[in-house]
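Protein chains: 2
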Amino acid sequence: MQIHTPNWVKHAIFYQIFPDRFSRTQQLKQKLLQAVSFEDWAAAPTLYGYKGGDLWGVIERLDYLSDLGINAIYFTPIFQSASNHRYHTHDYYRVDPLLGGNEAFKALLDAAHARDIKVVLDGVFNHASRGFFFFHDILENGQLSPWLDWFKIEGWPLSPYNVEQPANYACWDNNRALPQFNHANPMVREYIMEIAEYWIKAGIDGWRLDVPACVEAEGFWQEFRERVKAINPEAYIVGEIWEDARQWLDGTQFDGVMNYLFAAPTIAFTAGDRVQVQYVQDRSYRPYPALFAVEYKEAIDKLLGLYDWEIQLAQLNLLDSHDTARVLTIAGGDRASVELATLLLLTFPGAPSIYYGDEVGLPGGIDPDSRQGFPPESQWNGELLALHRDLIALRHRHEALRIGKYKSVYASGQCYVFERRLEAEVLLVAVNAGTEPARVTLEAPGETYPRKVLFGPGQVEAAEGHLELSLPARSGLVLG
Amino acid sequence: MQIHTPNWVKHAIFYQIFPDRFSRTQQLKQKLLQAVSFEDWAAAPTLYGYKGGDLWGVIERLDYLSDLGINAIYFTPIFQSASNHRYHTHDYYRVDPLLGGNEAFKALLDAAHARDIKVVLDGVFNHASRGFFFFHDILENGQLSPWLDWFKIEGWPLSPYNVEQPANYACWDNNRALPQFNHANPMVREYIMEIAEYWIKAGIDGWRLDVPACVEAEGFWQEFRERVKAINPEAYIVGEIWEDARQWLDGTQFDGVMNYLFAAPTIAFTAGDRVQVQYVQDRSYRPYPALFAVEYKEAIDKLLGLYDWEIQLAQLNLLDSHDTARVLTIAGGDRASVELATLLLLTFPGAPSIYYGDEVGLPGGIDPDSRQGFPPESQWNGELLALHRDLIALRHRHEALRIGKYKSVYASGQCYVFERRLEAEVLLVAVNAGTEPARVTLEAPGETYPRKVLFGPGQVEAAEGHLELSLPARSGLVLG
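The listed protein sequences correspond, in order, to chains X and G.
When we follow full-length UniProt numbering, the leftmost residue of the first sequence carries the number 1, and every step to the right adds one.
When we follow full-length UniProt numbering, the leftmost residue of the second sequence carries the number 1, and every step to the right adds one.
FYI, nobody ran anything at the bench for these hints, they're computed from the structure.
Careful: at least some of the hints might be erroneous.
One copy or two, it doesn't matter: identical chains are merged, so the pair holds either way.
To be verified - In silico DSBU-like links for lysine-lysine, alpha-carbon gap of 30 Å or less:
(1) K302 x K152
(2) K201 x K405
(3) K201 x K29
(4) K29 x K229
(5) K152 x K29
(6) K106 x K201
(7) K229 x K405
Generate the whole structure from the sequences, applying the supplied hints.
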């Protein structure tokens, strides 16, 4: 079959927002919320406290995002939920009141679209919360509830809060706060499909799907795709799959996945043995041990071999997220690691996604620490921000960086070079992850390779039939 | 001050619908609900089971209600709630999915208004449910919840379901399913006011307020009235107050109350010692012991002396409700008791309210038994239905029965007579509650009293200066 993924995604640069932590408006629209008290914005995040970021606040920062070159936002969940990360959905049709409710979201969507910024929401359809109406009805009415078959009840009585008794229902990750839907029930299936349709009709540009591998009902994600694309053929569907995702990337389900298979080797190569293992172990990706260039090339070649090129161009590439420690912290605070990884992120096929705050040097360990409040401007790392701005602009200027073919052309020691090629346009990207300056010689038959430095402190010399790159320690270079 | 109550209420005949039990559509509009299984419609009601009545079904019965002469409906709660009576509100902005959701309600409101039928909803603002979002957030986040002050937390941890531990929050009637709002919190107050405004703007014609005496915040119901009436000055506000309601009927709060002070003596007079005490004791009204006519007159005169006449005309008069046994059952199945009580109901100042099914002879003990499924036509008591139809038509024909002055003119033994007088129009209503035929002589100076029999098997003879009524045993008579 001919696989089709949304064209806009191939040209998108995403910004991932954790809504409670990005921006809190000072101009409250709702009388209702005027007296709500939050935990201190700058304090270390806790599992249960809210910092009060909201969507009105995001609207106020859209100019910042536009200036940065962002043209798509992926929001972690925004629906009504009694958790600061909002993965415990209480109501799929209501934007959380702390975020400003449906009114604020409508305003945000309009304001984003006016700036040509797409908006993708997080759909948590494997499980709901124990306060979710249909589950709550079972808690209240027991075996007489009409919604009994919506969940996986294993015995009676249910014990939603008292941990001394068995929960007696299936829940995600053995967390009784998160009862799992029974997707085999056609009503549940229809319920979820209608939610997906509703928000696509409301104008969102796609769905990021939380733990979709847990949904095992036959044909579920195929139907999901069909019904979403029937409304908007260019809607983006991206699944949270950390590993080999071929099962879901056959063109009938997702357009792409959160590309932790890119993140892991990229961190392992650029941060190398700086990686602080305590921040990455016990996670579903492996950005360690350190990789040499040859190993990095192998990992990338393998990744690029997994899926159709149309899928590759629609992957959601990332270095970190709300589910990981931040790359800066993983790298022990080493800024060059972040810079090199960011260069690789912004020159790779697929849509780069920048986790809010990474661009200004926000640190963060494993969650909840990686969900700190976005810092005030006085605390921004200006050089990191400039690097992001430059690399984003570079990507926007050069279509080859977005949809051009990718080919490794050099891998030795800690130096790695690849080309992106789109018809006549060719760019070369080189990274020296080592702590010593390096010289790289590339065979350059004819006029194939560019010689103009578009980014980076390195230098290039052209000679008969080859190119000589001089790469300072821990630096990257883009030629075009 | 000049008290004003809605004019339409003075001319209204209400029908009280318990939505789960009145009418279930056979033409399901929602794919979602097609496989929901309900308890048998005809089986005895249970505390936790649903019978699946819905608002689409009510629409299908609007012609029946119009034919009966109904021009207003009071719905017990319709908002999303995990209880068959729906007094445990889970979401004040969402009509329950089993009822057809907001879509069905919109259709119902339009269809009712097209038939000049008003719609009054039940507002449960004293307490919410333990699944209600803002309370649920406290269950999930404990002392870090931003909504802590929305309820009355008395200690930690909370125990919403495990009855072996103290609940540690204030709840209605010590029922931990029903956490009480903290109305002293200005946010809570605003939240409730906005709900009230929202549904009035959506077109409902009024609010019946559940247990409003429990809401003790200063000026709460005054503000409620101001904000509701600012949107629709003719919106009806009727409180659930079972006893002396002067505190709330001063013209600044409610237009009327559920008039159990009318129900109690009316049942005690018409059913007399037939009243089955087990169905009425432990309730907040006293339809026993049996009353003679003089005692009935005293109770009614006292009631009519309590409030301004403008209030009297806007009372919600009733014989029974979802909170009581049905009058037929209270009277031990004696139909004449129901007929006499219904005659008094439909000739009294204030809006009569007929509890669904009473008009066709549906029996029912204390709840949940008084909430049985509305019976199929084959089980209707045709004579009782005809009586309702006739008396309703009579009330609609004679304005004096609606807004004319009320005056007792005779009370002796078990015979009671009163007049309703509006300018030139005078009607006389006589009831003989005794088991023997009775003759009643009324002094009739000049031409004041009517002589034409409008209703009932009794006879009238006019003589010089007085009127002689012949009243068969257990019968009523209306002259006009």
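Status of the hints after comparison with the structure:
With identical chains, the CA atoms of K302 and K152 are never at most 30 Å apart, being 38 Å at best within one copy and 59 Å at best between copies. Taking the shortest Cα distances, K201 and K405 never come within 30 Å of each other, neither inside one copy (34 Å) nor across copies (58 Å). Taking identical chains as interchangeable, the C-alpha atoms of K201 and K29 lie at most 30 Å apart whether they share a chain (25 Å) or sit on different chains (20 Å). Only between protomers do K29 and K229 lie at most 30 Å apart by alpha-carbon distance; the minimum there is 24 Å, versus 34 Å within a single protomer.
Taking the shortest Cα distances, K152 and K29 sit within 30 Å of each other only across copies (27 Å), while inside one copy they are farther apart (41 Å). Proximity of K106 to K201 under the C-alpha cut-off of 30 Å is found in both arrangements, the shortest distances being 12 Å within a copy and 21 Å between copies. Taking CA atoms no more than 30 Å apart as the test, K229 paired with K405 passes inside one copy only; the shortest distance there is 27 Å, against 67 Å between copies.
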